[in-house]
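Build the full structure now, drawing on both the sequences and the hints.
In order, the protein sequences belong to chains A and B.
At position 135 of the first sequence (counting the first as 1) the number is 136 in my numbering, and the numbers step up by one without a gap.
At position 22 of the second sequence (counting the first as 1) the number is 23 in my numbering, and the numbers step up by one without a gap.
The hints are simulated quantities; they were obtained by calculation from the structure and are not laboratory data.
For glycine and all other residues, C-beta sits at the position ideal for the given N, C-alpha and C.
A few of these clues could be false.
[Said to hold, decoys possible] Here are a few chain B residues that face chain A, going by a calculated C-beta distance under 10 Å:
no., residue
1, I15
2, I28
3, Y61
4, A62
5, R84
6, H94
7, P112
8, V121
9, G150
2 protein chains.
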Amino acid sequence: MPTFKPPRPGEVSIPPQPARDAGLIFIGRIRTPWATPADCPKNSRERAEVTATIEVDEPYAQGLKDIHLFSHLIVLYWLHESRRDLIVQAPSHVSAPRGVFALRSPVRPNPIGVSVVELVGVDGHRLTVRHIDCADGTPLIDIKPYLPGTDAVPEARRP
Amino acid sequence: MPTFKPPRPGEVSIPPQPARDAGLIFIGRIRTPWATPADCPKNSRERAEVTATIEVDEPYAQGLKDIHLFSHLIVLYWLHESRRDLIVQAPSHVSAPRGVFALRSPVRPNPIGVSVVELVGVDGHRLTVRHIDCADGTPLIDIKPYLPGTDAVPEARRP
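Okay, here's the thing in structure tokens:
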């Protein structure tokens with residue numbers, strides 16, 4: 002168990018909760034140029050020239066059949082180095098502490114990352130993708146096809 | 002353990018795998034008009050007039066602070082009634098069996114649903130949202146703010 006920094010002023014930490022309501026299977030891993038979470042870009046679009054590799058393990062790799070029909074994917078991964086206790090957080094880019102559900106912070110009760118990626122190539126059980134910002138070796142949980150009719154809201158409002 | 006139908010022709014089922022690589026905490030539940038998965042609309046945009054309620058339990062409800070700053074959210078939920086073994090699937094709307102990662106089927110190795118929803122209102126620990134298509138009582142895993150700069154790809158290609 003790693004040691005975490007104490008909460009910053011205004012942050013709210015909750016006691017650890019047992020995480021046993023459901024269980025995940027790691028189905029592969031993501032290979033990126035970023036060795037640790039601290040090395041990752043804050044916004045995956047910052048480094049659009051960088052590609053990452055998603056490696057899907059057997060027997061799950063059979064599930065990649067026809068994935069090339071889609072130009073973009075939603076990738077879910079487990080942020081295995083993240084703490085889970087900070088419910089209100091004060092990251093440096095916001096002016097006042099904000100609830101975790103109003104932040105894309107990797108620190109969350111269930112540390113699942115979601116990235117919309119461009120599919121650049123498929124080679125057997127390996128996908129080459131663009132626009133993912135996790136650390137090298139991050140465990141893969143799921144891949145879904147991106148459906149612009151329901152997933153794209155270009156007019157969405159943010160602060 | 003429910004009994005599932007045998008695979009259809011062309012479908013690939015894998016033996017059950019232990020799902021203990023990581024553990025999830027259910028942080029609330031989603032209230033919808035659909036009693037069972039069979040009642041849910043196939044496309045959440047079909048029933049745009051229908052709203053759903055996301056109930057966030059304590060102590061997680063504190064994490065909703067400032068969520069009203071966003072017009073749209075990404076909601077992650079656990080499809081607790083789904084089987085996890087079908088890696089290639091033959092749903093009726095596709096002409097040939099397709100890999101699970103090229104489908105938005107609820108049946109997947111890690112049955113996590115992802116919906117982009119419009120935030121209609123916030124009342125304490127309850128969010129009213131539009132465009133979610135899961136069954137009533139579905140366990141909530143996470144809520145993230147929707148960021149159009151990285152999440153919206155209106156030009157994405159699909160078959």
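Each hint tested on the structure:
no., hint, verdict
1, I15, "5 Å, holds"
2, I28, "5 Å, holds"
3, Y61, "6 Å, holds"
4, A62, "9 Å, holds"
5, R84, "13 Å, violated"
6, H94, "13 Å, violated"
7, P112, "9 Å, holds"
8, V121, "13 Å, violated"
9, G150, "6 Å, holds"
In the structure shown, a violation is registered for the earlier hints numbered 5, 6, 8, in ascending order.
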